[in-house]
Amino acid sequence: MFRSAATKLRPAEAGALRSLAHAKVNPSVICARSARPLSTINRQPTKCTPLKTQRFFQTRQFTFTSRMASTRTESDAFGEIQVPSDKYWGAQTERSLENFRINQPQDRMPPPIVRAFGILKGAAATVNMKYGLDPKLGKAIQQAAEEVASLKLVDHFPLVVWQTGSGTQSNMNANEVISNRAIEILGGTMGSKKPVHPNDHVNMSASSNDTFPTVMHIAAVLDFEESLLPALASLRDALKKKSEQWESLIKIGRTHLQDATPLTLGQEFSGYVQQLDFGIERIKTSLPRLKMLAQGGTAVGTGINTYKGFAEDIASEVSKMTGTDFITAPNKFEALAAHDAIVEAHGQLNTLATSLFKIAQDIRFLGSGPRCGLGELKLPENEPGSSIMPGKVNPTQCESLTMVCAQVFGNQAATTFAGSQGNFELNVFKPVMIRNLLHSSRLLADAMKSFEKNLVAGLEADEKRISSIMSESLMLVTCLNPVIGYDAASKTAKHAHKNGLTLKEAALELKVISEEDFDKYVRPELMINPKEYQPKL
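For the sequence shown, my numbering assigns the number 45 to the initial residue and increments by one for each residue that follows.
Hints were generated in silico from the structure; no laboratory data involved.
Treat the hints loosely; a few may be bogus.
To be verified - Subject to a maximum C-alpha distance of 30 Å in a straight line, what follows is the list of computed DSSO-like cross-link-like pairs (lysine-lysine): (1) Lys180 x Lys402; (2) Lys564 x Lys402; (3) Lys196 x Lys180; (4) Lys174 x Lys422; (5) Lys493 x Lys284; (6) Lys196 x Lys335; (7) Lys548 x Lys564; (8) Lys422 x Lys285; (9) Lys328 x Lys422; (10) Lys284 x Lys328.
None of these values were measured; they are calculated from a predicted model.
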């Protein structure tokens, strides 16, 4: 795959190249700080001692050495296979690496999924000890699962999203890693499946068909609550401060990209605040369905190989471990075959992206210039904007945020289609659905933080420019409608525009109103709110 026809590799070299996904990954790089357990926040990247003799193979941006060729033998229903000796995964994971060489390692399962697997497998061990699992094995599984949940073993989850649509390979990846780590804890031999078997013990009373959708929901809820909603609330508060700061600053409004009647800059920004308030509400309304867990449905939703109370116990244990109230799904057939909750949740992200696009677009246009645009807002100058035009500064935060929104729109299309593919008892587009949801959530959270810090916080109003534009507007004539009538007001505005006059000059020239009455009625501060009704006597 990575060599020319003339190149011959030794077996050790071929082994090193076999899996691009064997590269080390630092969780501090790929997982948000808020989504990482405290035990990994300050964890340093893994360091390897250089060999005296190294053969380097450059494949994409990763470097491999012959040290990676050391393997052990693992087996599954298809026979024996060689697995890297320093990895906890087993035969099924290794086969998936071989069978799905699709954008490895960039499209690995997101770390929140790995974390959720650790949480669920730990909870299952606790519950299964009530239903016959040897406590000695159960405690070892719990310890290994906790290490997975804390992302200490994230390097051992190399599989990409593009695999079986049920997520079976990733479920077995988790089972194998936890099994081998538990075996190691108990002093056994990795790969022996003794005394802890990946299927019989780690996957006890479970199927990939109910495990993966459960993991999907756990990951989504924790990501929303720990990262997305805080970022959204913070940006909302920052915009609220600007709205209050400019509550009395009157400016011209615009509809159809044309001049309209006045409003305050604070009123304009209050619309943005309300959009984000609704965004927070929408996302929160999607959480109850995401907090319903499929675990206990097993293969097709009937709960075969489980016990009465098992599903409820799983939800209870996950709730204890996360501090979030999860419940068992009321109908496991729906929970396995349909992922409407994921589609709904991503739909809320899509709506949020729509709001953010509008906000960023408005601010970008209001800050256009600096001399030949609208120029009502002064955007922070963060970096040079052109390699050829000296002194040019661009609205980069607006551009970045709108590109993120465009990506979310694309993710929505894929998620919607994937959600429609629940044929009979199982939807087999699960990995791409949760990948898109987490991708959109992470993009939006990060982009909102960046937008707030690097733009909103330093945003200023150019009051002189705003006043200048206001004085030139012809739409102030609207307040004369009740006084001289629509037709006369329209004639006045057109006369002013055609002859280059101010509105007042045109009105006096046409003799439609006296100067005293013009000054009485044409006052922008009277145009920004409804007035009290006064009956004509």
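Verification of the hints:
For the hint pairing Lys180 with Lys402, the CA-to-CA distance comes to about 57 Å; that exceeds 30 Å, so the pair is violated. For the hint pairing Lys564 with Lys402, the CA-to-CA distance comes to about 36 Å; that exceeds 30 Å, so the pair is violated. Note on Lys196 and Lys180: the hinted pairing holds, with a Cα-Cα distance of about 22 Å set against a maximum of 30 Å. Taking the CA atoms of Lys174 and Lys422, the gap is about 64 Å. The hint is violated against a cut of 30 Å.
Taking the CA atoms of Lys493 and Lys284, the gap is near 15 Å; set against the 30 Å cutoff, the hint holds. Simply put, Lys196 and Lys335 have alpha-carbon atoms about 26 Å apart, close enough for the 30 Å limit, and the pair holds. For the given pair, Lys548 sits about 12 Å from Lys564 by alpha-carbon distance, which is consistent with the 30 Å threshold. Taken as a hint, the Lys422 and Lys285 pair is honoured in the structure, with Cα atoms around 16 Å apart against an allowance of 30 Å.
Taking the CA atoms of Lys328 and Lys422, the gap is near 34 Å; set against the 30 Å cutoff, the hint is violated. Simply put, Lys284 and Lys328 have alpha-carbon atoms about 20 Å apart, close enough for the 30 Å limit, and the pair holds.
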